[in-house]
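Enquirer: Since the structure of chain C is already known, use the hints to place chain P on it.
There are 2 protein chains.
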Amino acid sequence: MKEELLVVGKRLPRWEAHAKATGTAKYTVDIKLPEMLIGKILTSPHPHARIRKIDKSKAENLPGVEAVITFEDVPKKLFNPNKLNLTLRTYDPRHDGKLTYQTARYELMDMYVLSEKARYVGDRIAAVAAINAGIAEEALELIDVEYEVLPSVFDPIEAMKPGAPRIHDFAENNISVHMPFPGNRGDAGKGFQEAAVVAEGTFQTGRQQMCQFEPSTCIASFDAAGRLTIWSLSQHVFLHRRKLAELFDMPEGMIKWITSHMGGGWGKFGSFSAEPICVVLAKKTGKPVKLEYTREEDFLEATRQTYIETGAIGVKKDGTITALQEKILAHGGAYFTHNSSTTGINMGSFAGLYKCPNVTAEADCVYTNIQPTGGVRGYGNTEAMWCLEQLVDMAAEKMGMDPLELRLKNLKKAGDPSSTGLPMETCPIEKVIKIGAERIGWKEKRAREKGDGVRRYGIGMAIFMHVSGAHPFNTQHRNAFIKFNEDGSASLIVSACDMGQNLLGTISQIAAEVLGVRYEDIHVVTGDTDITMFDQGQHASGGLYQIGNAVIIAATEAKKQLLERAAKTLEVSADELEVKDRRIYVKAAPQKGISVGEVSKEAIYNFEEQHLNIFGKGSFSPTPNPPPFGAIFAEVEVDTETGEVKVLKILFVNDVGRAINPTTVEGQMEGGIAQGIGITLTEDYFINESGVVESDNFTTYKIPAALDMPELEVILYEEEPVSSGPFGAKGVGENPNIAVPPAIANAIYNAVGVRIKDMPITPEKILEVLKAKSATG
Amino acid sequence: MKEELLVVGKRLPRWEAHAKATGTAKYTVDIKLPEMLIGKILTSPHPHARIRKIDKSKAENLPGVEAVITFEDVPKKLFNPNKLNLTLRTYDPRHDGKLTYQTARYELMDMYVLSEKARYVGDRIAAVAAINAGIAEEALELIDVEYEVLPSVFDPIEAMKPGAPRIHDFAENNISVHMPFPGNRGDAGKGFQEAAVVAEGTFQTGRQQMCQFEPSTCIASFDAAGRLTIWSLSQHVFLHRRKLAELFDMPEGMIKWITSHMGGGWGKFGSFSAEPICVVLAKKTGKPVKLEYTREEDFLEATRQTYIETGAIGVKKDGTITALQEKILAHGGAYFTHNSSTTGINMGSFAGLYKCPNVTAEADCVYTNIQPTGGVRGYGNTEAMWCLEQLVDMAAEKMGMDPLELRLKNLKKAGDPSSTGLPMETCPIEKVIKIGAERIGWKEKRAREKGDGVRRYGIGMAIFMHVSGAHPFNTQHRNAFIKFNEDGSASLIVSACDMGQNLLGTISQIAAEVLGVRYEDIHVVTGDTDITMFDQGQHASGGLYQIGNAVIIAATEAKKQLLERAAKTLEVSADELEVKDRRIYVKAAPQKGISVGEVSKEAIYNFEEQHLNIFGKGSFSPTPNPPPFGAIFAEVEVDTETGEVKVLKILFVNDVGRAINPTTVEGQMEGGIAQGIGITLTEDYFINESGVVESDNFTTYKIPAALDMPELEVILYEEEPVSSGPFGAKGVGENPNIAVPPAIANAIYNAVGVRIKDMPITPEKILEVLKAKSATG
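Taken in order, these protein sequences are the chains called C and P. Residue 2 is where the first sequence starts when you use our numbering, and the numbers rise one by one after that. Residue 2 is where the second sequence starts when you use our numbering, and the numbers rise one by one after that.
If we strip away everything but chain C, and leave its shape as in the complex, we get (with noise of 0.2 Å):
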């Protein structure tokens, strides 16, 4: 039963509406300062080369230009862009369910602001600052390096292979780490020996890009005390500013990082991108720098690393699964970034959705001469589920059975642990599949004859368990602070970033329901670190779960001070008050009160001596951690004379605990979809036999644009909220992204027999499976 909440489950614009709409919103971009210079940035044409020489001297003296930087102007110090400077817990391999520390191996750092050698095309080698934009690629131009070409490797199983280059001199067979899963468990050899069937199989991955809107940007400006303010799209403000403290030797409080409006971030801020290079070019010049990647710069950067995993599921007749194995190879390209990270949460993601009492799982993280990866939306998750989810439909296919029926043979229950090692409150699975079932007509379209038109219907599904946050693997910690006005309107002042996901707006809605007022009574800061508290930053879909909280307890403070005011103005006691829509007043008599506005006025200007800013602090770190389910119901059209698929319909039941928004969710959701069956089709980088990305735009990347989507219908499950999340809300954020693909995948197979196991499904792949069938056949 949902309690009667007047602004919580409502569907309300959101908070940057206005801004957004009238385009009067303020990006990153958008700021300009007196003296600003522009940086641009040289990259290396070749894969892999030493660099003997640089001679700027060209650059330098050509007019407007007023720095030129290498490697001999940063800091001789390694890092890595995407380190989160946490201690990192995870399970003990030798001690099952306990939680120990491992940091160093899960964040090495192996990169330069700039590098000493190019190892991508792409790497960077050197940059510019200059009074325009014009001037400033000139001065590129001007920069002679001296390369020694170096034997180059591309393909991850090569680069292991003995006598491959070597990639980074530490890096034996160019693997950075072997990864044990730190979760393994049982016996799988003997869990495989007593399965009926084993289902067994090689996937691969996608290559995929944020696309996000807007590319890095960033300003970086030091002031006349040498204290740094940085403008930059940023996931984790604080963290971030903490890096940047450690990488330029200075204490975290001689920086100031401002983070405006975000044109999406989907994991690409929450690594580093221009802020290094951009620092280094202000401290040389005395002058502020922006700089702003062009898109193809910005494709060059982090993209979704690819897996190539060999996973095998082994079933008893009854429907058990009695062992799980998967081996990882992680192709991260030339530095470390996100691989540790995304790769433990693949196997977390692979050993967690069902029950399972054999479990293995390994990984090796492994150099290749191609561009680093980063942590897109899914982060591991979304690959995980292409190897298990695909791997159940072909074990059920074995044994003759409807898939959805195998997975709910082995469904986990509410008080068994998530993928987290966590017990959990609710696990509404089982519903969540049921509810799909019906809606979509599983059974009537499974049993559809297929004929052999040359268009042919296909349907599948998959389902997924996630995360509201990245407890209890590092500490997330989350402060808000509320300040009323005169009027009984607040400013609620928290470190979120909004990339889009309207996260300012539903913490609103939060704060404006807790404290009885309305949603348009809450104005939002963020954005600076000088005047935010602390904040982990956005990822692992814990934004809303773990800030609201803290808005929670904020609001809830100030509530009571609210109510304690009121009630020696209203002559009785605090606890015989409540509020709403503006109004405190007598519970057993409610035409008796005073409005909000009033009490705060009086709080702030009483003269006797006991006045009050009306004010309220939450800080928030979970102690639970509730994953969210999802089942994704997948119909499409396959043309067999083409290979095409044509998705008709995506069905999406997410189990949200409670949608604070429901506009919102069911908006984050359908992009997620949309990024989903991107990757699942058509997203992919084309990167050449030299090394060289050619699909580094959107003329040449493809990601699914409106008349390519499918109808959508997302249906939010909010039977059963969390009593941790705020007014029962998990975190939702990639949800969508997770199992859409294997979805595709198992709907294709349905329509057409062909199972493709590395992504993207392209009609080439389709049209060559069907071939060999016939020709066989």
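Hint data in this document are derived by calculation from the structure and do not stem from the laboratory. Warning: the hint list may mix true and false statements.
Copies of the same chain look alike in the list, so a pair counts if it fits in one copy or across any two.
Derived pair list, reagent style DSBU-like, types lysine-lysine, alpha-carbon separation capped at 35 Å [claimed, not checked]:
id, residue 1, residue 2
1, 588, 284
2, 410, 318
3, 758, 588
4, 766, 399
5, 78, 593
6, 21, 288
7, 561, 602
8, 581, 27
9, 285, 11
10, 33, 602
11, 33, 77
12, 285, 33
13, 284, 581
14, 27, 618
15, 435, 410
16, 288, 602
Quick caveat: nothing in here was measured; it's all calculated off a predicted structure.
Expert: Relative to chain C, chain P alone:
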């Protein structure tokens, strides 16, 4: 005995020294917004005129003009640019010593944003917004105003006579308010009867300009959601925001007020100036509008109001003051603004300095057709001392007594009520006088023979008592936040504005001292009503005393958190710890310790769900209001042939409780002395017979420049810190302005026997008296 302190009491650089020294500090005038328009104001050329018709069509049709506004376009609501919008309290005349609430009469509302009738040369009639200043000025010339010129009156005594032109309909005889002094006590008539001598006289004070470096500048901008951002200089950001909200019928929370660096204030920005017109223009055009005053426009706005003060003092044979009387005519000009508040303070200051059983005072505030007045540093106290401290010298002369001795006979003591009526913890005025007398050689110099040379030496002195804020007359609500960074530095988040008085630097010193960190570890955040907590604003010299106390409370809370966390690490109890110079250590074993940065960092990133962003909030409301005292000694040389006065030296012994930063205090005192010399000798408006201000910039209005300044000596008396003050400090901001004028006047009298009671003491006035004397002598 002073405590041993590491930061407080040190001569540290100003907080914004780097920014100002390098020219990078941003003032409001430096702000440029996209699409920003420039506003200009059309003022009346007539001192008194009815507006028959305004034809704005030609102006509106000028390309580049986006709005032309007149009375028709502004809120039909009277306001007062000085209204504090607070419950004001004063002594109840019927119940001596008891405070009662009296609001309305002290904040008369008599002004529209643009006038419906011209009441002085400069009254605002219309305004335009255009794409640049040139077009805006051209547009002003195209506005056709048809005036019906009315008879006008410039002299306040003439204005009170029957038949004088009436300036405001409601004000009979042009008296806006008659004010009996609520602190009247005893029986003045009886007191004068008991007196051996009575000295009396009529004194007139000068029309002084604040002469702050930065003229009024305001930018107003509405966002797409109708929220207004104001960038403007303000000493009262929150009170001004509230006043603007009231004027434009907006909720306070829909206005965000930002104050950047300020080029001085001295009372100027205690009132509205360009803001309301700027808001109307921004609203009408839908674009940001900047309104930047010229120096001439700034001179046409608020000035110090002038008083005609008829005072009398009765003294018994033994030197005891028996009676004091003051009758005031407050010449406010065309609008009310601060008239009653400076006048009330004038009477309180006159009646409060000395012990005296019988006091009577009353005032009339009078309108004339000259520019309105405002509140200038000294704010009534300067004017009161001009009268009182000359009367004391006049009485002493009649009694054949050293005027310094007469003062010593009538001083208040600790425990007596100050001029606010509150009992005083300390009252070191006797010591202050004696230190000054000793230092300057009072006895010897007073005894010098004058001789008959052309240049005559004279020495005089005067004393004063002031306040550390406006308590108990209105709410003094102050707040401060302290938020730690990982490096052990902290944001100090306050609403205080720094007009140049280094308030933000001194409160940073206080924060650093309490927290045991360094001055440079405190990063100040201020000037944005969305972010900072409510603050009453900067007036009545209360900034340091009051906000300093809020900072101590906030810092003490943060320090407690630091010590508690350190105690865990060091395995001791928190009360065994102390913190100094960035290090927390065990008092009994100082080698055992941990840095503040380590504790702060550990707190933020702690994994075991005990994280904490070290944070303190302080809210302060004064209960005492410790008065600072001071004695001014002036040495002059008067040229009997030209009447010229050369001030040789000013010695100022200043009871400051404690100087948080002696350099800051000395600088502030020296600047104030310059203003005191200016009003005494040279600063005055020349308003011609048509009501036109002819002295409207620095070429015609003479402030003392460096070469005009005498030798200055400021002695900070710090032997009696007050327990209620931050580290013992009292308010000092206005101190130097108060008693310099009578000290100089008394010195001139000592030199040549001429007592000029009308400011400024020009050579012409001296010569005239000298000539009259030599004619009669």
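Enquirer: If a hint holds in the structure, say so; if it does not, say that too.
Expert: Cross-check of the supplied hints:
1. 588 x 284: neither (61 Å within a copy, 42 Å between copies)
2. 410 x 318: For residue 410 and residue 318, only the intra-copy Cα distance (12 Å) is at most 35 Å; the inter-copy one is 111 Å.
3. 758 x 588: neither (62 Å within a copy, 68 Å between copies)
4. 766 x 399: within (23 Å within a copy, 116 Å between copies)
5. 78 x 593: Classified as between; 32 Å across copies, 66 Å inside a copy.
6. 21 x 288: Both, since 30 Å and 16 Å are each at most 35 Å.
7. 561 x 602: Answer is both; intra-copy 16 Å and inter-copy 31 Å each pass.
8. 581 x 27: within (34 Å within a copy, 43 Å between copies)
9. 285 x 11: Result: close only across copies, 34 Å inter versus 51 Å intra.
10. 33 x 602: Classified as between; 34 Å across copies, 38 Å inside a copy.
11. 33 x 77: This pair counts as within: shortest intra-copy Cα distance 31 Å, inter-copy 39 Å.
12. 285 x 33: both (19 Å within a copy, 27 Å between copies)
13. 284 x 581: between (53 Å within a copy, 32 Å between copies)
14. 27 x 618: Both: 28 Å inside a copy, 31 Å across copies.
15. 435 x 410: within (13 Å within a copy, 97 Å between copies)
16. 288 x 602: Between copies, since 31 Å is at most 35 Å while 44 Å is not.
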